[in-house]
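Student: For reference, the chains in residue letters:
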Amino acid sequence: MSAAFPQLAAIRLGFGLSPLMPPPQTPEALLAGLDNAGPGPEAISIDEASAMSQQLGDLAKARKQGVASAEEEYRAYNQQMSQLVVRDLQRRLVRAVDDPTGFGERLVQFWADHFTVSPKGPAQNPLALAFVDEAIRPHLAGRFEDMFFAAETHPMMLIYLDQNSSRGPNSVFAQKQSGKGFGLNENLAREAMELHSMGVGAPYTQKDVRELAELLTGLSYNAKGGFSYNPNIAEPGAETVLGVRYGGMRRGGLDDIRNALRDIARRTETAQYVSRKLAVHFVSDQPSDALVQAMAQTWRETDGHLTEVYRVMIRHPELGANLRGKVRQPFDLLVSGFRALGIPGERIAAMEFPQLRGQTMDVLTRMGQMWLRPTGPDGWPEEAEAWVSPQLLAARITWAMQMPGRLVDPLPDPRELMQTAFGGTQSEALAWAVPKAESQAEGVALVLASNDFNRR
Amino acid sequence: MNLDRRLFLKGAALIGCSAAAHPFMTSMTFAALPTNNRLVVIILRGAMDGLDAIQPYGDPMLAKLRRDLSAGPAAGALDLDGFYALHPNLAPLLPLWKSGELAFAHAVSTPYRDKRSHFDGQDLLEAGTGNDLPVDRRIGGWLNRLLQATPGATAETAYAVGMDQLKILSGSAAHLSWAPRAALSLSPQAQMLLEHVYHDDALFRTAASDAIRISGETGQMALEKGATAEASSLGAFAASRLNAEARVAAFSIAGWDSHANQPQILGRALDRLAAAILALKQGLGPNWGRTTVLAMTEFGRTVRENGSGGTDHGTGGTLIMAGGALRGGRAYGRWPGLAEGQLYADRDLMPTRDIRAYAGWAMRGLFNTPQDVLERTIFPGLELGEDPRILG
Chain A
1 MSAAFPQLAA IRLGFGLSPL MPPPQTPEAL LAGLDNAGPG PEAISIDEAS
51 AMSQQLGDLA KARKQGVASA EEEYRAYNQQ MSQLVVRDLQ RRLVRAVDDP
101 TGFGERLVQF WADHFTVSPK GPAQNPLALA FVDEAIRPHL AGRFEDMFFA
151 AETHPMMLIY LDQNSSRGPN SVFAQKQSGK GFGLNENLAR EAMELHSMGV
201 GAPYTQKDVR ELAELLTGLS YNAKGGFSYN PNIAEPGAET VLGVRYGGMR
251 RGGLDDIRNA LRDIARRTET AQYVSRKLAV HFVSDQPSDA LVQAMAQTWR
301 ETDGHLTEVY RVMIRHPELG ANLRGKVRQP FDLLVSGFRA LGIPGERIAA
351 MEFPQLRGQT MDVLTRMGQM WLRPTGPDGW PEEAEAWVSP QLLAARITWA
401 MQMPGRLVDP LPDPRELMQT AFGGTQSEAL AWAVPKAESQ AEGVALVLAS
451 NDFNRR
Chain B
1 MNLDRRLFLK GAALIGCSAA AHPFMTSMTF AALPTNNRLV VIILRGAMDG
51 LDAIQPYGDP MLAKLRRDLS AGPAAGALDL DGFYALHPNL APLLPLWKSG
101 ELAFAHAVST PYRDKRSHFD GQDLLEAGTG NDLPVDRRIG GWLNRLLQAT
151 PGATAETAYA VGMDQLKILS GSAAHLSWAP RAALSLSPQA QMLLEHVYHD
201 DALFRTAASD AIRISGETGQ MALEKGATAE ASSLGAFAAS RLNAEARVAA
251 FSIAGWDSHA NQPQILGRAL DRLAAAILAL KQGLGPNWGR TTVLAMTEFG
301 RTVRENGSGG TDHGTGGTLI MAGGALRGGR AYGRWPGLAE GQLYADRDLM
351 PTRDIRAYAG WAMRGLFNTP QDVLERTIFP GLELGEDPRI LG
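Chains as they are written, first to last, in this note's numbering: chain A, 1 to 456; chain B, 1 to 392.
Because the hints were derived from the structure by calculation, they are not lab data. Keep in mind it's a predicted model, so treat the numbers as computed, not measured. Don't take each hint at face value.
Said to hold, decoys possible - Here are the simulated EDC-like cross-link-like pairs (lysine to aspartate or glutamate), alpha carbons at most 20 Å apart as the crow flies:
1) 120/A to 312/B
2) 120/A to 120/B
3) 115/B to 162/A
4) 120/A to 164/B
5) 64/A to 68/B
6) 120/A to 114/B
7) 224/A to 58/A
8) 277/A to 383/A
9) 115/B to 186/A
10) 61/A to 35/A
11) 436/A to 195/B
12) 277/A to 113/A
13) 115/B to 257/B
14) 277/A to 318/A
15) 61/A to 257/B
16) 225/B to 72/A
17) 120/A to 257/B
18) 436/A to 200/B
19) 61/A to 312/B
20) 207/A to 269/A
21) 64/A to 257/B
Modelling step: build the complete structure from the supplied sequences, incorporating the hints.
Tutor: Spelled out as structure tokens, the structure:
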């Protein structure tokens, strides 16, 4: 099946076609759309996030001390902080639904998953939002090394991968506190190489992991003091990572860390591993070597300039050859459903609890993608099979039957919806079945539940 | 191709290729597991206060550390043996205690210590590892490793029941997951059209056909609203699968985090647990006699009552066991005492046994899992220790 670039761009690289806006006509128009995906007016900074968690901590303390007014205040604020997860999903949905090209918001989703974090409890929720606003969005179209550094040193990542509790074994701090169980934690150093850059097959050793972990000591965060490089907890001396020495007698702190991450970001293993991951996400569960090599070569030639790497991928013939080779992840499916039905972002922005939770968070959870709760630091699975088990498919079909009636009045003619959603790329089987539905509602459901719509 | 022929071929295609092409969701069973024994694991999310669920009122320190909570038979708890008493909300389970189908072990824990985070604690409980390994899906859960180590296990052998993720079953071994609430209700015409649409897409066709089949087999269960009814439906659904091919099922019950108003919060959670266990017993019928249920929580709660009528995150917890296969009606494990110097970090119940040892010995007895597989693969690094002989 062949499809024109605008259809391919919307379906494969964006969130599907919409009656409210035309799809991007050319690869350059698609790439120009990346400008829309930067931090928005709703962005949360680390400082704001810290103030919020501190406020929650203060209220919890006051409540414990028995301050009369604190109980209610604490409950209200704790609820507000808990609901941030749903609010985050809401604002991501709104931006994705309204994005004329979609590729930028898809990339936000991709990179936020590549650098998976997960907040543990209400006090950490604001930091998880700040992570996407500060570490991911500003660097989507720039060099990988800048996003790599921003993500690995962001407070949310320091907490999620235990860097915040890592202490140089010979640091000033550790010598004062000897025997109290403070020591080196390798979690972030390992994942930085294994999941975030070179991949598990790359030729790094346990010694490289340990030396990078020692180099990363000093990165520190708490809600009161914010982010800092704390030399007291840093391991003194130089560290050798993959044959390169960083730091020395007078450690440059953050600069040494930046240099080491930059060097890792520019390695051929990283070019290969991350290019392949992009191709797997956007093109095929099993992309060809030719596609991956072409992307990796551009990565090496441009020191990981991401827009250049994307350009190779979106112009490659394999993009068109694998239409519907991927299953839409639940978040993508939700956005695509809203877009196909012509539901604008403002409609979603106006939703309030409990409908908001019911139509967004709960739906994703049933489809197996609980927002901000991936099962591990390797993020959501890519393979189609992981998303189409009996239970998860039942949730998709049930959503297709229930959502349109609750959010759209009047329902569209199913035949027109099919035309809108697929732009002529639908299968013969679907085109045969939709007009035979018993009711408008079932016809609409059939379009949204179809494998055509659940794939991209 | 006309529709009748399509539907006819659909059946033939399923027999021919679905299992081979789709290891995650096969609807076929190659061989039944060579056992009739059944294991159910219930994860109690939020840290159950075991000292209130099954109150060691015979220890005089308990009344000194807890002002209002866990006051034993004097406050309506049901005496079990002169030392322990059952929380009033667990009264529906008292007949099981009397018939030897209910037991518990206090002072159990995973190797998790000190940080007392629900998330980390549950991760470790479900991964079944020690603290030395990072916890994530690359390790998967210990029930999945049981499947990997059990000859003849197929996707139908184990069910993850309910809407939440069950890391305890995640991993490379195929298993099925289903929630009673996932029930599909399709008009005959919609089902026919959907089957037509999915026909040439094996992944969707197989998953939909399994979903429709499971829905049809289990759709009669009443889905009343409310948390207790929900827990009951999880138990009833698990029972229906265990009566068929499944031998392992897992689900979770949340709502144990009783920092304040513990009588109300814990009371409701215990209602749910009792309802789930009774639904399992009722649903399993004669198979209940070959079933062991392990209800496990990530850690216990502080021995002292806090200032808001609740308890905070602790260490040593409680394992509740049920089932006709059990040697029940008794307390297992060593009671560590509550006096000064006997508590962990001067605040929590001191763990006296790894909770994994009980699960390990249960699997040894139910599935004949070799001891070295349990100690090296399923619970890497664990020494099973002495057999507590929990099975009858």
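Student: Would you mind marking each hint as holding or not holding in the structure?
Tutor: Do the hints match the structure? See the list:
Between the alpha carbons of residue 120/A and residue 312/B the distance comes to roughly 17 Å, so the proposed pair stays at or under 20 Å and holds. Restraint check: the Cα-Cα separation between residue 120/A and residue 120/B comes to about 9 Å, which is no more than 20 Å; the hinted pair holds. As the CA atoms of residue 115/B and residue 162/A are separated by approximately 12 Å, the hinted pair is consistent with the 20 Å bound. Under the criterion of a C-alpha separation no larger than 20 Å, the hint pairing residue 120/A with residue 164/B is consistent with the structure, at around 17 Å.
For the hint pairing residue 64/A with residue 68/B, the CA-to-CA distance comes to about 18 Å; that is within 20 Å, so the pair holds. Annotation: proposed proximity of residue 120/A to residue 114/B holds, straight-line Cα distance about 16 Å (limit 20 Å). This hinted pair checks out: residue 224/A and residue 58/A have alpha carbons roughly 11 Å apart, not beyond 20 Å. Between the alpha carbons of residue 277/A and residue 383/A the distance comes to roughly 12 Å, so the proposed pair stays at or under 20 Å and holds.
Proposed proximity of residue 115/B and residue 186/A is supported: the alpha carbons are some 18 Å apart, at most 20 Å. Among the hinted pairs, residue 61/A with residue 35/A is inconsistent with the structure: their alpha-carbon atoms are about 43 Å apart, more than 20 Å. Note on residue 436/A and residue 195/B: the hinted pairing holds, with a Cα-Cα distance of about 13 Å set against a maximum of 20 Å. Annotation: proposed proximity of residue 277/A to residue 113/A holds, straight-line Cα distance about 11 Å (limit 20 Å).
Note on residue 115/B and residue 257/B: the hinted pairing holds, with a Cα-Cα distance of about 16 Å set against a maximum of 20 Å. Taken as a hint, the residue 277/A and residue 318/A pair is honoured in the structure, with Cα atoms around 15 Å apart against an allowance of 20 Å. For the hint pairing residue 61/A with residue 257/B, the CA-to-CA distance comes to about 18 Å; that is within 20 Å, so the pair holds. Taken as a hint, the residue 225/B and residue 72/A pair is broken in the structure, with Cα atoms around 28 Å apart against an allowance of 20 Å.
Restraint check for residue 120/A and residue 257/B: the C-alpha separation of about 15 Å stays at or below 20 Å, so the hint holds. Pair hint residue 436/A plus residue 200/B holds up; C-alpha atoms about 19 Å apart against a cutoff of 20 Å. Using a Cα cut-off of 20 Å, the hinted pair residue 61/A and residue 312/B holds, with the two alpha carbons roughly 14 Å apart. Pair hint residue 207/A plus residue 269/A holds up; C-alpha atoms about 18 Å apart against a cutoff of 20 Å.
A threshold of 20 Å between alpha carbons decides the hint, and for residue 64/A with residue 257/B the separation of about 16 Å falls inside it, so the pair holds.
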